[in-house]
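Which chain is which? The protein sequence lines are A and B, in order.
Under this note's numbering, think of the first position of the first sequence as 334, with each following residue one higher.
Under this note's numbering, think of the first position of the second sequence as 626, with each following residue one higher.
By construction, these hints were calculated from the structure, which means they are not laboratory data.
It is possible that some hints are incorrect.
[To be verified] List time: in silico DSBU-like cross-link candidates among lysine-lysine, alpha-carbon distance up to 35 Å:
#, chain 1, residue 1, chain 2, residue 2
1, A, Lys561, B, Lys728
2, A, Lys481, A, Lys459
3, A, Lys572, A, Lys597
4, A, Lys440, A, Lys459
5, B, Lys728, A, Lys479
6, A, Lys459, B, Lys728
7, A, Lys597, A, Lys638
8, A, Lys585, A, Lys638
9, A, Lys440, B, Lys728
10, B, Lys728, A, Lys481
11, A, Lys585, A, Lys561
12, A, Lys479, A, Lys440
13, A, Lys597, A, Lys585
14, A, Lys638, A, Lys561
15, A, Lys585, A, Lys572
As the structure is a computational prediction, the values presented were derived from the model and not from experiment.
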Amino acid sequence: MSALAAVGSVPQQHLASPAAIAVRELVHRYDNRTALNGVTFDVRPAELFGLLGPNGSGKTTMFRILSTLMVPVGGRAFILGHDAARDPSQLRREIGIVFQSQSIDVKLTATENLRHQGHLYGLRGKDLSARIESVLERVGLADRAKEKAENFSGGMQRRLELAKGLLHGPRVLLLDEPTTGLDPGARRDVWQYLRLLRDQDQVTVLVTTHLMEEAERCDRLAILNEGKLVALGTPTELKREIGGDVIVLDVKEPESLSSRIQTKFDMDVRVVGGQIRLERDHGHRFVSDLFEAFPGEIDAVSIAKPSLEDVFIRRTGHRFWSEQEQHGLTTETRRQEKH
Amino acid sequence: MKLTSMSSIVVPRITNHKDELLLPALTLWWREIVRFYRQRTRVVGVIASPVLFWLVIGSGFGSSFRSGAGDQHYLDYFYPGALIMIVLFTSIFTMMSVIEDRKEGFLLSVLVAPVSRSAIVLGKVLGGTTLSTIQGLIFLVFAPLVGIHIGFGSYALVAITVFLVSFALTALGFAIAWPMDSTSAFHAIINLFLIPLWLLSGALFPLSGASPWLRLVMQINPLTYGVEALRQLLYPATGGTLFESMATLVLFSLFMFGLAFLMANRRTTKPAA
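With the hints as constraints, model all of the structure from the sequences given.
Below, the structure is given as structure tokens:
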């Protein structure tokens, strides 16, 4: 923690700590529900960092705290050495934020939206006009600059949101589920921009997502579940910890069969969502052993290379999408739907 | 170091950090105005509704009641009250945009910008004030029709009064709207408080004719002083203390702005939106 103390006092240009974002023992509660329960991680400069978690995992709460919208109940969060709770005004100048919900004013044109945004950041005159031009060019909206945003497609509106977040040249960009409601093409575009920002401009990018395939594209990942950090590392590292293949069995009596497999083969067997899951090298060979040992008991089987969802299941013991969530019962879900 | 190389490629980082109040307030004010005139129905409603309301209520009541102020026709008596009503409704309802901005997500991007909260309050409130002042002044065009002929100086004072009332009420609207997340709750509050506030301001019936307890309520109602000031300016014959009314309005405006500022300045552990 001594490196952390240095972050606050040393000018940012000579950051002693390698962290662009430092989250320490962050705790947050809404009334009685605990949303974050002591989360700690670092984001390195010029890294594309993903915050992966199902709805209600606390990632939206984390996002609100990092973007200075909300003060945490406990713990601290630093961006470029500024404390999000104690020094919000310094921090706000350094970060760009793209919200999940629409923050552009659709009654204004693209240029007007950006001019308004620029004024909020103290930009004006020729400097502002030049920035607006270059940022619109960058997100491919230069030819639509004078059009009202309400005539834009979803993907174009998203790009305008991105332009808004980038206008003041932030060194850290925070994005909350930036591809919500976009078609695959527009989704790819957004990720391409993010990579470009990281590679060309050395911008540190933190993005929240609940999509596995998006999480796969991040340099490093923090996986949250019920307010706790359950995994931290590169997607490859995380998947490597699962030995071999992941085998999933559909059976009639999962509980009884799983304990029998456990005794017979002396290995870890889990029942998740009514299915038996096991990890094994050379899965295809092991499957034939299983069929021989328990004839007629297995209805279906799947063998796959480990995915991030398998990492999640291994760390939490349940599936990424819980039953409760699918019915939209958790508070977090409801709050997100409002957006 | 490598971080500086990015500046030359896209967009340079901001060096000037001083302007946290005026420029942001101005740009928020500008947006209110632009949004307003881009919604044609709002523009029409703003001009047509007060005239209609004044004529219907004024004419209807006029044949049933005689005003307390001697031989004045009720349509004349009601004129300042109608003006205040226009200002009241426009002021308060423009601040519904606070709730809309919050719901749409626009407010979020303002809240995370390096902008002081007073800039947000000032920009939004001045935007609403401008709109409702303009509306009030449009209604003044009808003044000669009810036999009001006053000098330019008095018109200027009328404009100032309208501005003060607008500012105070818009700030009140802001303070009410800030913590709300639905426009229907906002409507409920308005019906509960603001319509009685207007009814008991001397707009509809004079202070002198009311029962003692009602008179007390009317005397502590800040709107009463707006109506009073306007009546004194528009009908100089009525007499009264203009200075006292204006001073009360200034205090009322300051108080309401302070209230709006306090509401906006709470940084909480609750979600901001």
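Going down the list of hints, with the structure as the test:
no., hint, verdict
1, A:Lys561 <-> B:Lys728, "29 Å, holds"
2, A:Lys481 <-> A:Lys459, "22 Å, holds"
3, A:Lys572 <-> A:Lys597, "27 Å, holds"
4, A:Lys440 <-> A:Lys459, "24 Å, holds"
5, B:Lys728 <-> A:Lys479, "25 Å, holds"
6, A:Lys459 <-> B:Lys728, "33 Å, holds"
7, A:Lys597 <-> A:Lys638, "24 Å, holds"
8, A:Lys585 <-> A:Lys638, "25 Å, holds"
9, A:Lys440 <-> B:Lys728, "15 Å, holds"
10, B:Lys728 <-> A:Lys481, "20 Å, holds"
11, A:Lys585 <-> A:Lys561, "33 Å, holds"
12, A:Lys479 <-> A:Lys440, "12 Å, holds"
13, A:Lys597 <-> A:Lys585, "19 Å, holds"
14, A:Lys638 <-> A:Lys561, "26 Å, holds"
15, A:Lys585 <-> A:Lys572, "29 Å, holds"
Hint compliance for this structure: no hint is broken.
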